[in-house]
Amino acid sequence: MRCNRWAADMFIFKLLLKNAFRHKLRTALTLFGLVVALAAFGLLRTIVGAWYAGVEGSSSTRLVTRSAISLTFPLPLNYAQRIKGVDGVAAISWSNWFGGVYITERNFFPQFAVEPVSYLALYPEYRLTADERLAFLRDRQGAIVGRKLADKFGWKVGDQIPLRGTIYPGTWTFNLRGIWDGAEAKTDESQLLFHWDYLNESIRKRFGNRADYVGVYIVGINEPQNAALISQRLDAEFKNSRAETLTETESAFQLSFVSMSEAILVAIEAVSYIIVVIIMAVMANTMTMTARERLAEYATLKALGFAPSFVVKLLFGESLLIALLGGLAGLALTLPLAAAFGSAAGTLFPAFHVTPLTMALQLLAALIVGAVAAAWPAWKMSRIDIVQGLRHVA
Amino acid sequence: MTANALDLPLIRIRELSKSYQRGGQHIPVLLDIQLDVMAGDFIALMGPSGSGKSTLLNLIAGIDQPSSGRIEIGGIDIASLSEGQLADWRARNVGFIFQFYNLLPVLTAFENVELPLLLTDLSARQRRVHAQAALEMVKLDDRMDHYPNELSGGQQQRVAIARALVSDPTLIVADEPTGDLDRHTGQEVLSLLDELNRNLGKTIVMVTHDPKAAERAHRMVHLDKGVLVDEVQPLGG
Amino acid sequence: MKFIPASYIARNLWVRRVTTLLTAGGMALVVYVFATVLMMSEGIRATLVATGQPDNVIALRKGAGAEINSAVERAQAAILESLPGIATDAAGRPLISKEPVVLNNLPKRGSGKPSNVTVRGTTERGLQLRPQVQMVEGRMFRPGTSEIITGRAIARGFQGAGLGETLRFAGRDWTVVGVFDAGRTGFDSEIWGDAEQMLQAFRRNAFSSVVFRLADASQFEAIKAALEADPRMTVELKPETQFYAEQSEALAKFISILGTALSVIFSIGAIVGAMITMFAAVASRVGEIGTLRALGFRRGAVLLAFLGESLLLSLVGGLLGLAAASLMQTVNISTTNFQTFSELAFQFKLTPTIAWQTIAFALFMGLVGGFIPAWGAARLKIVDCLRAA
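Chains as they are written, first to last, in the numbering used here: chain A, 105 to 498; chain B, 45 to 281; chain C, 44 to 432.
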């Protein structure tokens, strides 16, 4: 009994396979379209995901404190002492966005002036050798960069890196003292960090009253579950002062950047679903044509006594088979495609990899396309009049 | 078309052969055919399936080219024409009638009949006049604006005949014109062909396997395995 | 060469409506994406370019790409005020405005998500320098007060920015006494208040930029050269139109590159669809092809007929997609401009050029998709067609 059932299923499967490739050209074209569409879908999702990479790289034990007005307003250096005193704060560091240009605007990458010892303590995921760390700490004019950034520009320890300041005018030169490797795949390796003191000294000399101001404070906490509470306490400390603060978790901070480009992200996501709809239309077209051509065959099957549901199953089966093949191939194509895109975009996207969720969605999309495409033709075919169908010489 | 003296044949076929290459095989279909057809003749090509009668018709009609030999129609050896020249020649000289009518389903009866005239330089108004005349001749002018799927088999064939006539060709080729029609309708169609031949002097070459249909022709030409076997004058004359 | 009638081509598309619609629909979607992206890019450019007045000049610190990165000291500003060649208003005062510009992180209406909004300290003359700005509700703010006016897009999009509402920032409450319309330019996304009040509130003692109008626009180069030769000056001058054009470049370019890449990828799907449809069309009409050829129509005519069918199909898709895209013109959209780091509201702008480009793109897809099947149709032998019919 069981053996028969298996044999019947195998027969059906073989039938589906044969039918799918009867019209080789059409099936090949449909597969091609499917592969391209699904690979594009996967790539777009990966791009959107990469945009959120900064968020993923955040730690739940870090808070970011900035001016309540906007990120473009600095905070006084003397806030550091008071922040340390707030209940729940375990560590503190600070950083200024430098915004310099390396040769041309095209070579954009983030540069921060940081308080080195405390900053590196707060970011243990930036792994440096002991020697490099020491060399960096010792050299006021030193800088460290992430591996990805170093690879992109071919920098070696000991190189001199010139930056043209836009916020802090002039040409600034740094000595590359170390290259860090991220502890995890999602760790940012596309930044340049240098001494905050070096920046501050220079500012004091040239624009006296602008000195001793930081861009943001990075606050380390030991109780991630109390992040909201500690943030509120911190902000309360500076309420009604000259510079009010806004403290949030690092991931919320990163998210605020993402939401700036929200319109674009929403558009890209929408577009990635549009392409699935496009390919659905193409596939539906194919299945409709196939069904129309096989009218006589389906009528014959019905006349022979096969239930209408069998015809429906055949059509669905064929459609799903093609869709699945296309889905798997599309998935396989996405990986090298993403790798190529990632290396081309380089430092623009610190982390660029295809997630398991994306791959699952691709397969799901393929199956949905296969099912929807066959729906209407299958329904029509199941209801054909035997006589009508047999008369129809395709 | 050169002026034709009554004693020179319209169609002169000499040493005509046709064979196909299928895979590595060399398959002969027609072998060394000689045939004369006078202007105004009505001949039936007959033979069992595979005898090459349809191939011979195709060659005479200029829609296929022989492997060797000459086909002189109206003094022109069409076997030596290029594809483009052949197409132009057909447009001016041949009217087609097929077993399954071969009307374009998205064009009305009128538009189907008008089709060959699009290959000429006639104006739209002139085309209309000619097409209407052709439809009147087959007595279907009242159904001009119907689509083929709104007409019966016999009516469709009559539209096809009107189309075959409309550019006033010298030669009409018909491939199994009654093959898809019942006896009665088939007879109607054959009468029509007869009329065209007698009253308008159209030369007709018809392939058929139906002896009743063949009776309407002046001559019957038999083919078997690619060779002419005999020529018979039917009793009807 | 004589052509196969157009009615034959068009009616064949109609007869297989479902297939035609599905294929054209796929193309329409691709075209929609293509057109929308171009319209977005154009909208950003148009908004920013229109922001600049042809006779206005803006002074920024050398090397600063945006107003928020720039600082013009009072002393420098004073030197600019005394420049010869500045136009004067009806009362004879020089048309020059010294403006501090800051970014304020404010929550949006609805989502509550914060975004950076440009806050500009300006004067009565600042308003005169921007004739495209018209008050549509309320009135201009009074100098020396904590009154502000907001651009249309901000009034609509941000909490507390509407007429009569209050915004709180820099330790003060600011009352919105007016809303202005800046004629679909960048100023629609700004908040304006009294320059000196802003300097105080944000504890600044340097302006961000200085804007003035030239009495004679052709004098620009001369004035610029003279100024930059002066060693005391750390500012550079730019025509306002150029300044704003540069502000849109990065964003507009980014969007159009992304969009074009996407459209190209999508077009593959649509072309595949067209190819499948046309192959099937040829296959189902083999008998008709044979008949047409027998009647005397050339191979070229057959090729053009099927190519024409594919082009007509893509034209339908193209027009549908363009129509859908043109509806986007009613949508208001905003994003953060990377260069200025602040909110920019803009519209989708459809120009005749974009319309032609879109249709051309659609036809191109039809051409590529239809060519091989049409070629195949033209290559068929007459006798094979008639036999297969």
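Hints listed in this document are in silico derivations from the structure and should not be mistaken for laboratory results. Here a beta-carbon is modelled for each residue, glycine too, at the ideal position from N, C-alpha and C. Watch out, some of these pointers could steer you wrong.
[To be verified] Only pairs whose alpha carbons sit at most 30 Å apart, straight line, appear in this in silico BS3-like list of lysine-lysine:
no.	chain 1	residue 1	chain 2	residue 2
1	A	Lys-188	A	Lys-417
2	C	Lys-296	A	Lys-290
3	A	Lys-343	C	Lys-105
4	C	Lys-156	A	Lys-290
5	A	Lys-309	C	Lys-424
6	A	Lys-343	A	Lys-118
7	A	Lys-128	C	Lys-156
8	A	Lys-118	A	Lys-417
9	A	Lys-343	C	Lys-151
10	A	Lys-256	A	Lys-290
[Claimed, not checked] Examples of chain C residues lying across from chain B (beta carbon under 10 Å, computed):
no.	residue
11	Ala-53
12	Glu-331
13	Gly-333
14	Phe-340
15	Gly-351
16	Leu-355
17	Val-426
Going down the list of hints, with the structure as the test:
no.	hint	in the structure
1	A:Lys-188 to A:Lys-417	violated (69 Å)
2	C:Lys-296 to A:Lys-290	holds (28 Å)
3	A:Lys-343 to C:Lys-105	violated (36 Å)
4	C:Lys-156 to A:Lys-290	holds (26 Å)
5	A:Lys-309 to C:Lys-424	violated (88 Å)
6	A:Lys-343 to A:Lys-118	violated (74 Å)
7	A:Lys-128 to C:Lys-156	violated (52 Å)
8	A:Lys-118 to A:Lys-417	holds (14 Å)
9	A:Lys-343 to C:Lys-151	holds (22 Å)
10	A:Lys-256 to A:Lys-290	holds (18 Å)
11	Ala-53	holds (9 Å)
12	Glu-331	holds (5 Å)
13	Gly-333	holds (8 Å)
14	Phe-340	holds (7 Å)
15	Gly-351	violated (14 Å)
16	Leu-355	violated (14 Å)
17	Val-426	holds (5 Å)
In this structure, the earlier hints numbered 1, 3, 5, 6, 7, 15, 16 are contradicted, and the remaining ones agree with it.
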